[in-house]
Amino acid sequence: MKGAEIVIRALEKEGVDTVFGYPGGAIMPLYDALVDSKLKHILVRHEQAAALAADGYARHSGRVGVCFATSGPGATNLITGIANAFLDSVPMVAITGQVATPFIGTDAFQEVDIFGISMPVVKHSFLVRRIEDLAGTIHEAFQIARSGRPGPVLVDLPKDVAIAELDIVAFDDTPDETPARPDAHQVATARQMIERSSRPLVYAGGGIRIAGATEELRSFVDFTGIPVVTTLQGIGSVPSDHELNLGMLGMHGTKQANIAVQECDLLICVAARFDDRVTGKLKEFAPHAKVIHMDIDPAEVSKLRAADCSIVGDVKVALNFLHVRPQIDEWKNRCLTNKAEYAFAYEHKTEHVYAPKMLRDLSVAACDNTVISCDVGQHQMWVAQHCRFQSPENHLTSGGLGTMGYGLPGAIGAQLADPSARVINVSGDGSIMMNIQELATLKRYNIPVKIVLFDNQALGMVRQWQELFFSERYSEVDLSDNPDFAKVAEAFGIPAVKVERPDQVESAIQQILECQGPLLVHVMIDPRENVWPLVPPGKSNTEMMEAKAV
Amino acid sequence: MRFTLEVTMTNSEGALERLLGRLRQRGFGILALNADVSGDYAFLGARITVESLRPVEAALKQIAKLYDVEQVKVHHAEQEHAKRQNQPAELCLSL
Ligand SMILES: Cc1ncc(C[n+]2csc(CCOP(=O)(O)OP(=O)(O)O)c2C)c(N)n1
Ligand SMILES: [Mg+2]
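Residue numbers (my numbering), protein chains in the order written: chain L, 365 to 914; chain F, 1061 to 1155.
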């Protein structure tokens, strides 16, 4: 069997059904072997989109996403997508073609040291120099990618190894290791801390989706009655409309969430990592709270905030041991009163479409099995604040890296992982241009992703910061010469609708819900609209700026 | 703070590079390094003196996370801040 066939067979054995990629010289043997395989290959139009689509596939399905690229520029184009997966702990295997082993280190045509370049943004990487190691390496790569705290793994495959022949191939099927059981002593301490607390708060992160612990978190919350705040990645881990869900915390968090964090006496961090967008000024974050930190990765515990109790291991298991009933009626009432008082308002009396309201209405009208894949900017924060989510797998957003251009490929990945889902990409006029070429992918495979493009003629989030923190000195944020996005979509063979006034919103939402194929909805919004509330960078979460009353 | 790490890892491609890269990126300046492969080339032992404002545990946990790493120990922890300027970093690498 040829090396390339071994790779394809090993992928099939891992249960892979879809790969995203782009061919080229060094990876041609793999593309040749693909011809005889039942793997579905999606030809993207830029390798970055291959990695980001693999990411969307993985986030939504929980399975390992797979992408291919050739050596040199193909491989370097993957890097942003690999880094995106690294920062949000997404399981991914990236396979890159490499020049033949005798040419490695000679500056051969399309040779780059992708093994070296990718090192800081992969969980692990392999350069396979011997065909005998190939089958085992692919299995190992998958195990590493999906085990513990997941992440991307790169396998660099020299061309001579891909075309070499091996008579007897031993495919590896050693089972994955099961994550560590939580320590009984720490569990006992945590139970006691919860029981004795009078103002406990759950701070739920992206690890809940990764661990598949949504049900366990909900039972814990329902049993204990403890209010919850979520991170950007934790959105949906408790349903948006759950009584005890106070919403997202942090820089663009809700007022009730940030107040609860500042007042709580016990912070139960479930698979989150005290990111700076969450904590604001770290020293002043949850100043009265003891901390219980639950995470699979011991390196996260006490990394930024010292934990008083740490439960390292699978949160899916650990949460079940914490069913106690603290006496917290007063605290709960306070949280719920704040929640009612500071609820977002959607009346907006201008001639412009109000994006938060449109997103709210869209997510209410759409059924539960709706995935929203965001780009990065103001529109991303509006999705986080105003859309309703029943499960965390349905909110795909680039958190750690904040990658503009994630949304469309991410949506493509999710739609291929789950053909029956309704998948919507919410994008901005800046972000969409980062991977606009993927409209061709939508068209080619008739992928029914709906794009809702909020056009504020600006790099809105950067514009907002220049307005607020750089004395309104606007620098390179104007996009008023945007192309006609509807025409662009149509040139790719994708129907488009334009929304310019509030009275057109309802019918646009209807079209999004009813249209069978791909669709682009180009929504003009007020360029001056900002995201509120906002905790200025480096400030404490008590110092929230809010919308000026109109 | 200055301390010495003793790391045993699988001698796989890039193992030492990963170790050094991780320490640098996580804020641990390398002052001295000595590394050797085992007789059968299967393992690599490294002894690294680093200096940082960050705690020893952060280095330990970050190193332990590397897939190649079998074992990591803090060999010697010195509480005082080292006077780096007066002590030229020595580099001794034998592979
Ligand atoms: C690849 C990349 N480049 C630059 C940035 C910095 N950045 C963050 S938000 C933003 C503006 C995004 O504009 P748009 O997509 O139109 O969204 P809006 O904020 O206007 O809703 C920029 C430039 C980034 N996050 N990613
Ligand atoms: Mg914009």
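No lab work stands behind these hints: they were computed from the structure. Each residue gets a CB set at the ideal place from its N, CA and C atoms; glycine is no exception. Among the hints, a few may not be true.
[As the list claims (entries may be wrong)] Below, a list of computed lysine-lysine pairs in the BS3-like style, where the Cα atoms sit at most 27 Å apart: (1) L:Lys-402 / L:Lys-807; (2) F:Lys-1125 / L:Lys-680; (3) L:Lys-366 / L:Lys-645; (4) F:Lys-1121 / L:Lys-654; (5) L:Lys-404 / L:Lys-377; (6) L:Lys-721 / L:Lys-851; (7) F:Lys-1121 / L:Lys-645; (8) F:Lys-1121 / L:Lys-680; (9) L:Lys-619 / L:Lys-721; (10) F:Lys-1133 / L:Lys-647; (11) L:Lys-851 / L:Lys-903; (12) F:Lys-1121 / F:Lys-1133; (13) L:Lys-696 / L:Lys-645.
[As the list claims (entries may be wrong)] Partial list, derived from the structure: chain F residues whose beta carbon lies under 7 Å from chain L: (14) Arg-1062; (15) Tyr-1101; (16) Gln-1122; (17) Lys-1125; (18) Glu-1130; (19) Gln-1131.
Against the structure, the hints:
no., hint, verdict
1, L:Lys-402 / L:Lys-807, "holds, 22 Å"
2, F:Lys-1125 / L:Lys-680, "holds, 21 Å"
3, L:Lys-366 / L:Lys-645, "violated, 56 Å"
4, F:Lys-1121 / L:Lys-654, "holds, 22 Å"
5, L:Lys-404 / L:Lys-377, "holds, 14 Å"
6, L:Lys-721 / L:Lys-851, "holds, 26 Å"
7, F:Lys-1121 / L:Lys-645, "holds, 24 Å"
8, F:Lys-1121 / L:Lys-680, "holds, 22 Å"
9, L:Lys-619 / L:Lys-721, "holds, 18 Å"
10, F:Lys-1133 / L:Lys-647, "violated, 30 Å"
11, L:Lys-851 / L:Lys-903, "violated, 43 Å"
12, F:Lys-1121 / F:Lys-1133, "holds, 11 Å"
13, L:Lys-696 / L:Lys-645, "holds, 26 Å"
14, Arg-1062, "violated, 21 Å"
15, Tyr-1101, "violated, 14 Å"
16, Gln-1122, "holds, 6 Å"
17, Lys-1125, "holds, 6 Å"
18, Glu-1130, "violated, 14 Å"
19, Gln-1131, "violated, 15 Å"
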